[in-house]
Amino acid sequence: MVPMATRILTVEDDERIRTSLRLALEDEGWEVAESSNGEDALSIFRRQPTDVVLIDIMLPGVDGFEVCRSLRRISNVPIVMVTAREDTHDIVAGLEAGADDYLTKPFAPKELSARIRALLRRARTAEGPLTNFIFADLEVFAEEGVVRRGSQEINLTKTELRLLVELASNPGRTLSREVLLERIWGYDYFGDSRLVDVHIRRLRTKIETDPANPRHVVTVRGEGYKLQP
Amino acid sequence: MAARISLRLRVSLVFGLGALVLAAGLSLITYELTRDNLLSRREESSLARVLFNATQVSRLIDAESTEQQLRDLLQNLYTPLGARPVIRFGDLWLSANPVEFSEPQIDPFLKDTVAQGRAAQMRYVVGETPFAVIGIPYFDIDAAYYEAVPLDDIAATLSSLLIALLTGSAITVLAGIGIGIWAAQRAVQPLTDIGEAAEAIAAGDLNTRLEGADPDLERLSRSFNQMASALQDRIERDARFASNVSHELRSPLMTLTASLEVLRKRQSELPARSQTALNLLTADLEHFKQLVADLLEISRYDVGAAALELEEFEIIEFVQQAARAAGQTPGVTRDPDTEGLVVRADRRRLAQVMANLLENAHNHAGGAAAIHVERRDSTVEIAVIDSGPGVAPADRDIIFDRFSRGSRQTSGGRFSGTGLGLALVSEHVRIHGGSIRVTDRPDGLSGACFVVSLPVNEL
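Note that the protein sequences, when read in sequence, are chains Z and B. Anchor point for the first sequence: position 3 equals 7 in the numbering used here, and the numbering is continuous, going up by one each time. Anchor point for the second sequence: position 41 equals 768 in the numbering used here, and the numbering is continuous, going up by one each time.
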């Protein structure tokens, strides 16, 4: 049986970019579905199984942030944001809207492929050797990507779950942003620490009772993050 | 221009001077009035008694009086408060207290006046005691009566008064200076506020405005606010423009990059001429992408839109990562006190600083020979050392200029780099409050040594 090709949905309004990206991504061995605006993207996403979504921030009509939020409401699919501006607001807003990673135009399609592979790899690892565990008042069901506090179910994206598991498998140890970037996002060096910070923030809003004064996912100043019961 | 005395100091000094004049004037008047008053009252009361004593004496002496009679007379006079009576009888001078006050202590001028038949009074100091000396002549016989009234108790009172007045004056002057400082502070406060606002704007807080300014300074604060708004508008417009340019430039580059990657996948299927053209296209697209990235980066400094994103990290680990990221393997040496040293800096910008310096070393010397990190007072210095031809002293400043020849020309005559790499290094380092310089190698070998100096804030 031939395994089904990984399917990428691109949301990009610039036709030339969209086409050239499709050609390059197909060369990398991905199957590509295209959409030129947010509405189309959502309806395609609902109709067809999609493994990764690539969203341009500047879209006509519904912007990329909104598309990202809409997708997050219905799915934990890995999302890569694409921006043509190295604007820190855009990047942080994109991550806070639920993106797992981001790239700045112009990027090499090879680099995008590497990022996608990292996102998918960890999605699969989460189904692999991970076991369920209990941490403080949280029950973590690693395979389902679900965390429970009592009867309340907390829904984590794959990246958030991976972050929680990475911290939990090093109990009481501080993990630097660089280490987290390497282990979770697959960056060799000089990844963007905002990736880590925003994901930590998202994780806190989901699992901390008071996200402003986190008790479990704590910042170690100048060093990184650690998990404590 | 010569150093000027500050406004506040001047106002304080004027207040102090005013207080000094006021206090000195009041003290002087008080002292003089009190002195005159005390002395004249003492003299008036003494004069009545002296006249009475003089009358007593005149009644009891005549031409035949013996010296012994006169001495007894002197002893019996009423002389309170240590008054010293002296009688002149012909050429004979008799004193009740010859040791303390007798003829030699009587001022010649007073003697003359009395000798001429006029009663007189003089005030002067004998030894250390001030006296009021009164002389009264007799007309029927050749004699005169003198009495010296000591004024030392008054002098003591006056000197106490003087000390009190001087102390009071000193306190007044100090209080004057104090009030001056306070008043000057109050008066200068609006100007201090304006200065602080201007500094805040210069430091990048463009939303700073002056509010509730003093009515006297309303025009100044209004025009200041207008200027700040205009500046803010301009910077925001420029930043928006740069952002739009960024988008407009990056979009076609995206298509070019992706399409070229598709072509390169099929390079072997192309004829030789097309392959050569494709290689040229690829090389210059890379160069062009780097140029656009550098231009956009440096334009953020020009429009004032560059903002530091600070985070804390270990400098040694960072430098080692930077060398690995550049694909270079220079030895990283360091001083022991940089062990675990954490800096608070913009990691992305410093990474670019290191990348550009290492790329520069690569272009001119085939790579960095060594990186040395050391602590120097409140800075940390990162030296990137290569074994190339080095930088001529004349070029050491201009290589940090944009598109300067020094930084672009390599041995083959072909330009490498974008010509903005070192200019960006300089801007990145400067926005951190640091500095960059290029020197000879410290070990005397041929090569360049680029030293980045960054401030360290102890954590």
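Just so you know, these hints were derived from the structure itself, not from any lab. Check the hints yourself; a few may be wrong.
[What the hints assert, rightly or not] Taking lysine-lysine and the DSS-like style, the derived pairs with C-alpha atoms no more than 27 Å apart in a straight line are:
#1 Z:Lys230 <-> Z:Lys210
#2 Z:Lys210 <-> B:Lys1016
#3 Z:Lys114 <-> B:Lys838
[Unchecked claim] Beyond 10 Å from chain B on every Cβ pair, some chain Z residues (computed):
#4 Ala37
#5 Ile78
#6 Val222
Note that beta-carbon positions come from the ideal geometry of N, C-alpha and C, so glycine has one too.
Results of checking the hints against the structure:
1. Z:Lys230 <-> Z:Lys210: With a Cα-Cα distance of about 16 Å, the restraint between Z:Lys230 and Z:Lys210 holds, given a limit of 27 Å.
2. Z:Lys210 <-> B:Lys1016: Not OK: Z:Lys210 and B:Lys1016 at ~40 Å, beyond 27 Å, violated.
3. Z:Lys114 <-> B:Lys838: Roughly 126 Å separates the two Cα atoms, so the pair is violated.
4. Ala37: Correct as stated: the minimum Cβ-Cβ distance to chain B is 17 Å, above 10 Å.
5. Ile78: It holds; Z:Ile78 is separated from chain B by about 29 Å at its closest Cβ, greater than 10 Å.
6. Val222: Given that every Cβ of chain B is farther than 10 Å from that of Z:Val222, nearest at about 15 Å, it holds.
When the structure is compared with the earlier hints, violations turn up for hints 2 and 3 and for no others.
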